[in-house]
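Please work from the sequences and hints to get the whole structure.
Chains as they are written, first to last, in this note's numbering: chain X, -7 to 455; chain F, 2 to 402.
Calculated from the structure, these hints are not laboratory results.
Fair warning: this is a prediction, and the values are worked out from it, not measured in the lab.
We treat Cβ as the ideally placed atom computed from N, Cα and C, and that holds for glycine.
Please note: incorrect hints may appear among the correct ones.
Covered stretches of chain F (chain X as the covering partner; in silico rule of three or more C-beta atoms under 8 Å from a C-beta of chain X) [as the list claims (entries may be wrong)]: (1) 119 to 132; (2) 150 to 157; (3) 220 to 227.
Example chain X residues on the side facing chain F (calculated, C-beta under 10 Å, incomplete) [as the list claims (entries may be wrong)]: (4) Arg55; (5) Trp56; (6) Leu58; (7) Ala62; (8) Ser64; (9) Ala116; (10) Ser117; (11) Ala118; (12) Val119; (13) Met124; (14) Arg137; (15) Phe138; (16) Val142.
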Amino acid sequence: MNDTVIVFEDEGFRSFLPLVYTRPVFELRCGLYTARERAAAQLGRPVAGLCRSHLANVYGAGRWPLSLLAESAPVTFVNGRALDMPWLPELLNEPINTVYVADPGPGLLAAHVLVGARISPSLASAVLFDLMHQRGEAALIELRRFARVVEVDARLLNFPWDIITNNGEQISRDLSVFLKQHGWPSLAERPLDDPHVVVRNPSQVFVHPDAKLDSPIVLDGRDGPVVVDAAQIEPFSFIQGPAAIGPGSTISRARILAETTIGAVCRIGGEVEASVVQGYSNKHHDGFLGHSYLGEWVNIGAMTTNSDLKNTYGTIRMAIEGLGQVDSGVLKLGCFLSDHVKLGIGVHLNGGAVIGTGSNIFGVHFAPKTIPPFTWGGEVFREYRIDGMIDVARKVMGRRKIVLSQEQEAMLREVFALTRGSRAGMVEPTNERAVGGAASSNADALARAEAEAILAFEPPRRV
Amino acid sequence: MLDVMRVIFKRLSSLAHLSRPLALTSVGVVLFALGLAYFFIALYRTVEMPGFVYYLTLQFLPRWSRGILLMGLGLATLVIGIWQLSGVAVIPLSTAPTNTGELVVGFQSTAAPPRIAVLSGGPGMLILASLGRHASSMTCITPVQDPVEYYYRASSLFRFENVYYVAPTGSMAQVEVELSNGQRYDIRQGLAHNQELAPYHVVGMRLIPPQTAEGTQPLLVTRHTLDALAEADAIILGPGSLFESILPNLLIPELREAIKASRARKIYVCNLMTEPGLTTGFGVAEHLSQIRTYGGFSPDYVLVNAQRIEPEVQQMYLAAHQSPVYLSPEEYEETSVSATDRVTRRQILVEGAVVIEADLASSQLQLTASLDRPGEGRTVRVLRHDPDKLAAAILEILRRG
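Below, the structure written as C-alpha cells:
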C-alpha cells in the first residue's frame, strides 16, 4: 500500500505574510512547480495538504482533516517550504519512523527544521495536532523521542525573496522531473518547421505540442532551459532561459528575461525579468516587472513599473508581518503582490514593495512600499469593502470561466476579518466625514490594539 | 386567570429596576407632547386648514371625549409596549464576579467550555463524539493495542469536528489477560464472543511491549496524550469494554501517573451489561475496583444506568451470559455527605467514587450476522448508551463545578 503523503505548513509561513493569507506556503510557485505539485510530480500521484484552518476547505482536507490518517499505510509528511526534493524518494524507502531534518538556512536560529518524516499512523496521530497548527518545531521535538533522525541537505524557502533568488536554479532542477512527467522532446530532437522561430541551444528548449508560436519570436536556451507549455507566444516576443511559460498563458510582444516563471492562464506583455507569476494574472501592457512575485488574479495596468535596484546599490529591505522591515541581503528585489491585487495605470512601485491580498491601488504615481490587505485607493487609502472586492473577484474569475466557490468566498471573508487590524487608521470605507471624530479615533484605537494583540499572541521566532 | 395575573406580575416585576428610567422617559414624552400640542394649536389658530383636518383632528367630538379617547389609546399602547419590553431578556448587570463567568460589557459570559480527555474504545468514542460540540477540545486516547487509523476512519465517516484521536504510545503493544479458568489470552482475540469462555471473568492482565531486533522497546507516552490529560477539566473513562478499552492504557505507568496527577474530574461511565468472558458477575463495585487495581486511583464519579430494562431485552442478554450492571442494595447504604456541590447533599459512594444514577441508555434495533452464516442475519433489540443522555449527564457533572 502506498504511503499517505501530506505536505504541511510549519512556523515559517509567517515570514511569507501577507502573500500567504489566501494560500498555503506549499502553493507558492518557485521553479516549475509549487511544493505540492513537485511532490505529486515526483510520486506520480496527488498528495494531501495540511494548512491553516481558514485555508483548509480550499487547499487542504477540510478544517478537521481526520480523513488524512484513515489509512493503515505509513504516513509521510513533507515540509511545504521545500524546494527541490531529491530526498523524497529516499525517505519513502526508509524504515517506518524515520525523520529527515535539515539546516534551516543562514541567519535562522533553529538548529534543525523538520523537512520530512515517514512514520506510523500511531506516531502521526501524536504530531498531527501540532502540524494542523503549523507547529513544526514542537512536532520535531516529539518525533525525536520516537523516531530515527537523519540530517539531509534540503533547500527551503525562508523568506519571500527566496522565491525570486531561487527561481532560475529551481527551473533547471525541476526540469528532469518535469520531462519525466510530461515526456516532451527538446527542440533539438523535434525541430520546429517555422524558420522565423529563432531557437538558441535547442537542446534546452522544450515546447508542448499544442503551444502556438507565432513568429517572429526568439527562444534562447543558452543560459538555461526554456519550457513552454500549451501557451500562445505572440510575435516579437523574446524568452530567455531559464524560464517557464504555463499552460493557457499568452505572451504578448514581451521580453521574458532569465529566471522567470509564468504560471497557468496569464497574459504577459512588456518586460519581465527574474519574476514569478503564480497564475491567472495579467500584466498585458508595457511596463517593467523585475525580481517580483505576483499572486493569482493580479492585474497590472499599462505602464505600471517597479524598481528592483537602489540608486545606492544597497541591499533592499522589505516589510514582513510580525518582523517589520527586514534586510533581504540582495541587491535586486522588486515587488510582491498578493492574490487579487489590482494596480491601475502608471503606478510606480519601490523595490521591496508589498501589497496585501485584494488591494485595489490606482490614481497614484508612487505607491507606498507597504499596503495592507483589502486596501482601496491611491491618494487616500481606505478599507476595501469586502462585498465589493468579492464582486470584482467573481467577475475577474468568471472571465476565465472559473467560478468563485463558496469556500473561496468564505476564505476571503475570513482573511478580511483576520487582517482588519492592519488597516487601522485608514479612512472609513463609507463615511469620510467621520475621520478625526471621536467615533473614528475610538475605532482606530481599537483596531490598533487588536493588531498589537495579534502580534503579541504569536511572537516572531526568527530574526 | 390567577396564573395569567401571576405571569404578568412576574414579568413586570422583572422590570422593576427599569421603573426609574421608564418614569423619566414618560415625563420627557409628556413634556414633548405638550410642546407639540401648543405648536399645533398655534398653527391651527393662525393658518387656515383644508377640510379633511376637521375629521382628522376629531373636531366633530367634544373636547372631553377627544381627550378620553386619546388617553385610552395612549395607555393601551403604553401597556403593550411595556409588555413587549418585559418579554425581552433584560438582565441587570451585576458588578460582583461570579465563579461561573466574568463580567464583560453588556452581558455575562458563561464558563469556558471544558477540555475533555477520553479513554475508551471505538464505539464508546463514537457515542461520546457529540460531546465535542460542547468542549473547547476533546482528545480521545485510543487503546494501546488498537490501530489508531481505525478511529480516524470511523470519525471521518461521521465528519466529527473538534474531536482528536491520539495513540497513547508511539507504537502498539499487546495486552494479555488471564481468565478465571487459569488460561491467558490476547485481549484482541474477541473473548466476549467466545461462548465457551462466557462463564469466566478476568483475574489478571499485563502489557507486553513491542519487541524489536534491539530488544524490548520501552513504551513512551506521546506528549499530546500527557498534555491532554494534564490540561483536561474532565477525564472520561468509557463507555466501553472495561478490559478491552479502558484498562489497557492504565497499564502504561507514565499514563497512569498522568491521570492521577491531573486536576481533572475523573468520570467513569459504567457498562450497562456485563461482558461474557471478561466481567461476568461484576457489579459496579467490581468494575471500579479493577480501575483502582490497575490504575491506582478511584474515579471521582461513576455514571450508572438507572433505566429499567425491558424483560425481553434482559432475557436476551441473560441467554448470552450478560446481566445488567446495577448498584447492589448494600452499595446503596454506603453514603457520604458531599460539600463539593453547591447544595450539600448525601451521596452514594462506591469504591471512593460518587455514584450518579441516571437514565443513560436507549434500546436500539441491531442487525446481527456471522461470517460463517452471512445469510442468516437477524434483527435484535440491544441496549446502548444514548449519546445525548450521556452527554447531558457528563455536562451536568462539569457544570456543578
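Status of the hints after comparison with the structure:
1. 119 to 132: That given contact is violated, which follows from only 0 residues of the segment 119 to 132 of chain F lying within Cβ reach (below 8 Å) of chain X.
2. 150 to 157: Check passed, 5 qualifying residues.
3. 220 to 227: holds (count 5)
4. Arg55: 7 Å, holds
5. Trp56: The hint holds - Trp56 (chain X) has a Cβ within 10 Å of chain F, the shortest such distance being about 4 Å.
6. Leu58: The hint holds - Leu58 (chain X) has a Cβ within 10 Å of chain F, the shortest such distance being about 5 Å.
7. Ala62: 4 Å, holds
8. Ser64: Where the cut-off is 10 Å and the nearest Cβ of chain F is about 5 Å from Ser64 (chain X), the hint holds.
9. Ala116: At about 8 Å, which falls below the 10 Å cut-off, the nearest Cβ of chain F leaves the hint on Ala116 (chain X) intact, so it holds.
10. Ser117: 5 Å, holds
11. Ala118: This interface hint holds because 4 Å falls under the 10 Å limit.
12. Val119: Hint holds; Val119 (chain X) Cβ to chain F Cβ min 8 Å, cut 10 Å.
13. Met124: Result: holds, 9 Å to nearest chain F Cβ.
14. Arg137: With a closest approach of 6 Å, the Arg137 (chain X) hint holds.
15. Phe138: Nearest chain F Cβ about 4 Å off; hint holds.
16. Val142: Since the shortest Cβ distance to chain F is 17 Å, the answer is violated.
Checked against the numbered hints above, the structure violates hints 1, 16; every other hint is satisfied.
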